[in-house]
Amino acid sequence: MGVACTDMYFVSVNLTGRWVGSQGRAFCAGYVADKESRHWLRYGQVELKVVQGRTKSGIVYLNLFVRNLKFVGYPVGGILGLDDHATAAEPSLKCQKRITLASVPVRTNASTAAAYL
Numbered sequence: 001m002g003v004a005c006t007d008m009y010f011v012s013v014n015l016t017g018r019w020v021g022s023q024g025r026a027f028c029a030g031y032v033a034d035k036e037s038r039h040w041l042r043y044g045q046v047e048l049k050v051v052q053g054r055t056k057s058g059i060v061y062l063n064l065f066v067r068n069l070k071f072v073g074y075p076v077g078g079i080l081g082l083d084d085h086a087t088a089a090e091p092s093l094k095c096q097k098r099i100t101l102a103s104v105p106v107r108t109n110a111s112t113a114a115a116y117l
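With the UniProt record's numbering, letter number 66 in the sequence shown gets 66, and the count goes up by one each step, no holes.
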C-alpha cells in the first residue's frame, strides 16, 4: 500500500495451475533476478514476464505482463480472472476514513449522512 493509501502494488506473484506445471512459479519483490525479468516465460501459448520496479519513495513492487491469456483453454482465476476481488478492493482499516456530515443534534424527523473517503 502506498503512502497516501491510494496506491496498491504487487509484492508477490504466485502462478499455479495446470498451465504452469505441477511446481508452479513464485516471484517476490526484492528477489526477482535481473536476468530473469528481461525474458518472456512461455507456458504453452501463454507468455508472461515479471519485472521489478521501485517507486521514488523506495517501495519495491512487481509488474506482471501477460500475453495470449485467452488461449489458455480453461477458466482463469486469481487477480487476472474469475475470482472475487471484493476483499482486495476494500481499503485496510489503516486507510479508511469516515466523516459524519451531521454536526448538530438530530431531531426526530431529520436525516443524517455519512461518507467514506
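Hints should not be assumed to be uniformly reliable.
Derived DEER-like restraints, expressed as beta-carbon distance ranges [what the hints assert, rightly or not]:
1) L82 - G24: 32 to 42 Å
2) F71 - G24: 34 to 44 Å
3) A89 - S12: 35 to 45 Å
4) R18 - I59: 30 to 40 Å
5) N14 - T55: 15 to 25 Å
6) W40 - R18: 13 to 23 Å
7) R67 - K94: 32 to 42 Å
Calculated pairs, DMTMM-like style, for lysine to aspartate or glutamate (alpha carbon to alpha carbon, straight line, at most 20 Å) [claimed, not checked]:
8) K70 - D7
9) K70 - E47
10) K56 - D7
11) K70 - E90
Since the hints were made in silico from the structure, they are not lab data.
We put the CB at the ideal spot given by N, CA and C, even for glycine.
A quick look at each hint next to the structure:
Against the hinted window of 32 to 42 Å, the Cβ-Cβ separation of L82 and G24 comes to about 19 Å, which falls outside the hint. With their beta carbons about 20 Å apart, F71 and G24 fall outside the hinted range of 34 to 44 Å. In this structure the hint that A89 and S12 lie 35 to 45 Å apart at CB is violated, the actual value being about 18 Å. For R18 and I59, the hinted distance range of 30 to 40 Å is satisfied, since their beta carbons lie about 33 Å from each other.
Take N14 and T55: their Cβ atoms lie about 22 Å apart, and the range 15 to 25 Å holds. Range check, W40 to R18: about 20 Å between beta-carbon atoms, so the 13 to 23 Å window is met. The hint said 32 to 42 Å for the Cβ distance between R67 and K94, and at roughly 36 Å that hint holds. As the CA atoms of K70 and D7 are separated by approximately 28 Å, the hinted pair breaks the 20 Å bound.
With a C-alpha separation of about 11 Å, the suggested pairing of K70 with E47 holds against the 20 Å cut-off. Under the criterion of a C-alpha separation no larger than 20 Å, the hint pairing K56 with D7 is consistent with the structure, at around 13 Å. In summary, the hint linking K70 to E90 is not supported, as the alpha carbons are separated by about 28 Å, beyond the 20 Å threshold.
When the structure is compared with the earlier hints, violations turn up for hints 1, 2, 3, 8, 11 and for no others.
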